[in-house]
Amino acid sequence: MTMNRRDFLEQGGKFILLTGAAALAWDHVLAGQPEQAPNYSMNDHWWAMFIDVEKCIGCGNCVRACKAENDVAPGPSYFRTWVERYHIPKKSPDHLEAEDHPMVDSPNGGYDGFPEKYGDGDGAKNFFVPKLCNHCAHSPCVQVCPVGATYVSPDGVVLVDKTYCLGCRYCVQACPYGCRFIDPRTHTVDKCNLCYHRITRGLTTACCEACPTGARMLGDLKNPKDPIHELLRDHTVQVLKPQMATGAKVYYNGLDGSVR
Amino acid sequence: MRQTFKDSEHLLRLAALFAAGILLFFITRAALMPAGFGELGHYRSGSLQDNRSHRLLFAGSAACAECHDDVVQTVSAGKHTSVHCEACHGPHQAHASDPTTVAAKRPDPLVLCATCHEKNVAKPRQFPQVDIQEHAAGASCTDCHQAHSPAME
Numbered sequence: 001m002t003m004n005r006r007d008f009l010e011q012g013g014k015f016i017l018l019t020g021a022a023a024l025a026w027d028h029v030l031a032g033q034p035e036q037a038p039n040y041s042m043n044d045h046w047w048a049m050f051i052d053v054e055k056c057i058g059c060g061n062c063v064r065a066c067k068a069e070n071d072v073a074p075g076p077s078y079f080r081t082w083v084e085r086y087h088i089p090k091k092s093p094d095h096l097e098a099e100d101h102p103m104v105d106s107p108n109g110g111y112d113g114f115p116e117k118y119g120d121g122d123g124a125k126n127f128f129v130p131k132l133c134n135h136c137a138h139s140p141c142v143q144v145c146p147v148g149a150t151y152v153s154p155d156g157v158v159l160v161d162k163t164y165c166l167g168c169r170y171c172v173q174a175c176p177y178g179c180r181f182i183d184p185r186t187h188t189v190d191k192c193n194l195c196y197h198r199i200t201r202g203l204t205t206a207c208c209e210a211c212p213t214g215a216r217m218l219g220d221l222k223n224p225k226d227p228i229h230e231l232l233r234d235h236t237v238q239v240l241k242p243q244m245a246t247g248a249k250v251y252y253n254g255l256d257g258s259v260r
Numbered sequence: 001m002r003q004t005f006k007d008s009e010h011l012l013r014l015a016a017l018f019a020a021g022i023l024l025f026f027i028t029r030a031a032l033m034p035a036g037f038g039e040l041g042h043y044r045s046g047s048l049q050d051n052r053s054h055r056l057l058f059a060g061s062a063a064c065a066e067c068h069d070d071v072v073q074t075v076s077a078g079k080h081t082s083v084h085c086e087a088c089h090g091p092h093q094a095h096a097s098d099p100t101t102v103a104a105k106r107p108d109p110l111v112l113c114a115t116c117h118e119k120n121v122a123k124p125r126q127f128p129q130v131d132i133q134e135h136a137a138g139a140s141c142t143d144c145h146q147a148h149s150p151a152m153e
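As they're listed, the protein sequences go chains Z and W. First residue of the first sequence: 1, per my numbering; consecutive thereafter. First residue of the second sequence: 1, per my numbering; consecutive thereafter.
Just so you know, not all the hints are guaranteed correct.
[Unchecked claim] A short, non-exhaustive set of chain W residues, derived as facing chain Z with CB atoms under 7 Å:
hint	residue
1	H10
2	E86
3	P91
4	Q93
5	T115
6	N120
7	P124
[Unchecked claim] Only pairs whose alpha carbons sit at most 27 Å apart, straight line, appear in this in silico DSS-like list of lysine-lysine:
hint	chain 1	residue 1	chain 2	residue 2
8	Z	K117	Z	K90
9	W	K119	Z	K125
10	W	K119	Z	K90
[Claimed, not checked] Label-pair ranges, simulated between beta-carbon atoms:
hint	chain 1	residue 1	chain 2	residue 2	range
11	W	L32	Z	K225	42 to 52 Å
12	W	K105	Z	H101	37 to 47 Å
13	Z	G202	W	G78	22 to 32 Å
14	Z	D100	W	T101	49 to 59 Å
15	W	G78	Z	P115	21 to 31 Å
16	W	H54	Z	N39	53 to 63 Å
17	Z	M244	W	H68	41 to 51 Å
18	Z	D71	W	R13	53 to 63 Å
19	W	T100	Z	A245	48 to 58 Å
20	W	D98	Z	L17	53 to 63 Å
21	Z	N223	W	Q146	28 to 38 Å
22	Z	G75	W	G41	28 to 38 Å
To be clear, the hints were calculated from the coordinates, so they are not data collected in a lab. Using N, Cα and C, we set each Cβ at its ideal position, and we do this for glycine too.
With the hints as constraints, model all of the structure from the sequences given.
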């Protein structure tokens, strides 16, 4: 068989292209399905949290537990959960029409507790509000990720793929609740993952485990026997920034209107 | 009839070029997309497993109750019923998985009790809180209170 130069280039080109494609596709064939852990079906859960503001004592147990359990970056700027102290001064009788100007502080995210700062009996309103990722069903941070490194899992948890995150910070800006930060060690984004390694093993989150007053409760909205249904029915609950229609799943009981 | 498609080779070449472009697109796509991307949504499905594979520090009260059932009973009968073991004792997964070599830690009552019960105006009114200095005057909390059920001895 004779083969001229033109035929040779044509045949050779086809060969290279097709074998290249097959070699690239082979990894995908081998990868198969992601490993499914036994006894946990993602489609049977829809995780949420119930926070009782009236029970929070600002001890900072949740902040310390979260940082330890999840290896959160050390330092006072990096928190997956934190506690805020609200202080709403009493209105002057001459200016009752004035708007409230709540003062909010969170020294080291509440990690070291809250040293007394405001006096008793001055007519001001003081309370603590624990914060964490709201695990929105229609999450703004997921919508802006340009590479699909953050997503809502089938069980309703907003997770981050650290191996795929570019560290572009779009999601940090998009989150209306300020729940995301860039991990200074990896330069990728970090946030609460609702202790995904714990809840998928039948345990509660580290913050709920460490909370001494039961101010935090993990709930599974798809489990009809979960006490969260009763809590949501019997209490006047509110989510943060409902006007943003994020589908937030952290429900607050006794949330003051001044909390943002 | 042949006259109608006299220059059909041009069209064929164009089609071949187009096909090669599409092929190149799929090859590039396959090379750049990580395995499992798009299986469950616009993300790498293996990332779910990455998130799950983290190690535990907190064992959970159920693990404590396997050996220390008596203490758990005492706690649940008293005022500290809502307090999980590790809320005070700290993370103890290492102890729970290997109780013989890893000892459990006993927290210092003066530090621990103050974490919750030190007076603070922002705490809920109904929560029991004291000015520790005034209340205990340097004595340890456990001199008067029982650790697991805080009623007076």
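Hints versus structure:
1. Against a cut-off of 7 Å between C-beta atoms, the interface hint on H10(W) is violated, since the closest Cβ of chain Z lies about 17 Å away.
2. The restraint placing E86(W) at the interface with chain Z holds, with a minimum CB-CB distance near 6 Å, inside the 7 Å limit.
3. Checking P91(W) against chain Z: minimum C-beta separation of about 6 Å stays under 7 Å; hint holds.
4. Interface hint status for Q93(W): violated, as the beta-carbon distance to the closest one in chain Z is roughly 9 Å, over 7 Å.
5. At about 5 Å, the closest approach between the beta carbon of T115(W) and any beta carbon in chain Z falls short of 7 Å, and the interface hint on this residue holds.
6. The beta carbon of N120(W) is positioned within 7 Å of a beta carbon in chain Z (closest approach about 5 Å), and the interface hint is therefore held.
7. Annotation: P124(W) was flagged as interfacial toward chain Z, and the flag holds, the nearest CB pair being 6 Å apart, inside 7 Å.
8. With a C-alpha separation of about 16 Å, the suggested pair K117(Z) and K90(Z) falls inside the 27 Å cut-off, and the hint holds.
9. Taken as a hint, the K119(W) and K125(Z) pair is honoured in the structure, with Cα atoms around 16 Å apart against an allowance of 27 Å.
10. Of the supplied pair hints, the one linking K119(W) and K90(Z) holds, its CA atoms being roughly 21 Å apart against a limit of 27 Å.
11. Separation of L32(W) from K225(Z) is about 45 Å and conforms to the stated range, judged on CB atoms against 42 to 52 Å.
12. Between K105(W) and H101(Z) the Cβ separation comes to about 44 Å, which falls inside the hinted range of 37 to 47 Å.
13. Distance hint for G202(Z) and G78(W): a CB-CB separation of about 27 Å, consistent with the stated range 22 to 32 Å.
14. About 56 Å separates the C-beta atoms of D100(Z) and T101(W), a value consistent with the hinted range of 49 to 59 Å.
15. Separation of G78(W) from P115(Z) is about 29 Å and conforms to the stated range, judged on CB atoms against 21 to 31 Å.
16. At about 18 Å, the CB distance of H54(W) to N39(Z) disagrees with the hint of 53 to 63 Å.
17. At about 45 Å, the CB distance of M244(Z) to H68(W) agrees with the hint of 41 to 51 Å.
18. A hinted range of 53 to 63 Å holds for the C-beta pair D71(Z) and R13(W), which are about 58 Å apart.
19. Checked against the hint of 48 to 58 Å, the C-beta distance between T100(W) and A245(Z) comes to roughly 54 Å, which is consistent with it.
20. Roughly 56 Å separates the CB atoms of D98(W) and L17(Z), a value that falls within the hinted 53 to 63 Å.
21. Between N223(Z) and Q146(W), the C-beta spacing of about 36 Å keeps the proposed range 28 to 38 Å intact.
22. Between G75(Z) and G41(W) the C-beta distance comes to about 33 Å, which sits within the given range of 28 to 38 Å.
Comparing the model with each earlier hint shows violations of hints 1, 4, 16; every other hint is respected.
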